[in-house]
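Residue numbers (the working numbering), protein chains in the order written: chain A, 72 to 183; chain B, 39 to 150.
Calculated from the structure, these hints are not laboratory results.
The structure displayed is predicted, hence computed values, not measured ones.
The beta carbon of each residue, even a glycine, is placed where N, CA and C say it ideally should be.
Hints may contain errors.
Listed next, the stretches of chain B that the computed footprint assigns to chain A, with coverage defined by at least 3 CB atoms under 8 Å from CB atoms of chain A [as the list claims (entries may be wrong)]:
| # | region |
| --- | --- |
| 1 | 78 to 92 |
| 2 | 109 to 119 |
Restricting the straight-line Cα-Cα distance to at most 30 Å, the calculated cross-link-like pairs of lysine-lysine (DSSO-like) are [as the list claims (entries may be wrong)]:
| # | chain 1 | residue 1 | chain 2 | residue 2 |
| --- | --- | --- | --- | --- |
| 3 | A | K115 | B | K137 |
| 4 | B | K142 | A | K80 |
| 5 | B | K89 | A | K85 |
| 6 | A | K85 | A | K128 |
| 7 | A | K80 | B | K108 |
| 8 | A | K85 | B | K108 |
| 9 | A | K80 | B | K89 |
| 10 | A | K85 | A | K115 |
| 11 | B | K89 | A | K128 |
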Amino acid sequence: NAGVTQTPKFRILKIGQSMTLQCTQDMNHNYMYWYRQDPGMGLKLIYYSVGAGITDKGEVPNGYNVSRSTTEDFPLRLELAAPSQTSVYFCASSMRMLAGKYFGAGTRLSVL
Amino acid sequence: GQQLNQSPQSMFIQEGEDVSMNCTSSSIFNTWLWYKQDPGEGPVLLIALYKAGELTSNGRLTAQFGITRKDSFLNISASIPSDVGIYFCAGPTGNRDDKIIFGKGTRLHILP
Chain A
72 NAGVTQTPKF RILKIGQSMT LQCTQDMNHN YMYWYRQDPG MGLKLIYYSV
122 GAGITDKGEV PNGYNVSRST TEDFPLRLEL AAPSQTSVYF CASSMRMLAG
172 KYFGAGTRLS VL
Chain B
39 GQQLNQSPQS MFIQEGEDVS MNCTSSSIFN TWLWYKQDPG EGPVLLIALY
89 KAGELTSNGR LTAQFGITRK DSFLNISASI PSDVGIYFCA GPTGNRDDKI
139 IFGKGTRLHI LP
């Protein structure tokens, strides 16, 4: 079972560059999420989606955008990368709201 | 804002020892989730608790939903090397998914 797949695993960006972090899940989950994890910290919710065509902001949405055109895919877009966006990004999905989530392996992003 | 406080931040134990860690909040939670994160991986759900006083086991892991609904406990019996990692508690502070917060984690080290 693939579960939640994130690409790329690692990326280095220059300040001001843009990129899209890809996330896909094969469990037919309606709910998908993007978190960031900074060193020594827990996870903070960036954006989430309760189904195709529906997205909503989480705790730390500034500097990011998302879209959800299909149930399977939930890409995260950084338009103008800043050093403060250096972090590990995790995509997750769940069957129900507030249920335990399945996480991807993460994308390690450095903005220099 | 609301926070989940995990204790201890870090533990060094001998293989075979039992482990106890806890998570506390200043506000009431209706659900407690415990995750484990292996190095370089995303968090994996270990146990979910939905009722005050509930005691749930998953192999050598046992978690309890505190009766005050402001705390939860995770115990690991007879630790083995693969228990190394970071253990996170999480919970929803409301009915919306953007209100799920994570603790900063308890990092478990096992001494040879």
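Comparing the hints with the structure gives:
1. With 7 residues having a Cβ less than 8 Å from any Cβ of chain A, the region 78 to 92 of chain B passes the three-residue criterion, so the hint holds.
2. Requiring three or more residues with a Cβ within less than 8 Å of a Cβ of chain A, the coverage given for the region 109 to 119 of chain B is violated, as only 0 such residues are present.
3. At roughly 10 Å between alpha-carbon atoms, K115 of chain A and K137 of chain B fall within 30 Å of each other, so this suggested pair holds.
4. Distance check on the hinted pair: K142 of chain B and K80 of chain A sit about 23 Å apart at the alpha-carbon level, within 30 Å; holds.
5. Between K89 of chain B and K85 of chain A the alpha-carbon distance is near 48 Å, which puts this suggested pair outside the 30 Å criterion.
6. In summary, the hint linking K85 of chain A to K128 of chain A is supported, as the alpha carbons are separated by about 25 Å, within the 30 Å threshold.
7. A hinted pair counts as satisfied when its Cα atoms are at most 30 Å apart, and K80 of chain A with K108 of chain B does not qualify at roughly 36 Å.
8. Distance check on the hinted pair: K85 of chain A and K108 of chain B sit about 43 Å apart at the alpha-carbon level, beyond 30 Å; violated.
9. Of the supplied pair hints, the one linking K80 of chain A and K89 of chain B is violated, its CA atoms being roughly 37 Å apart against a limit of 30 Å.
10. A distance of roughly 23 Å separates the Cα atoms of K85 of chain A and K115 of chain A; the hinted pair therefore holds under the 30 Å criterion.
11. The straight-line distance between the Cα atoms of K89 of chain B and K128 of chain A is roughly 28 Å, inside the 30 Å bound, and the hint therefore holds.
Checked against the numbered hints given earlier, the structure breaks hints 2, 5, 7, 8 and 9 and satisfies all the rest.
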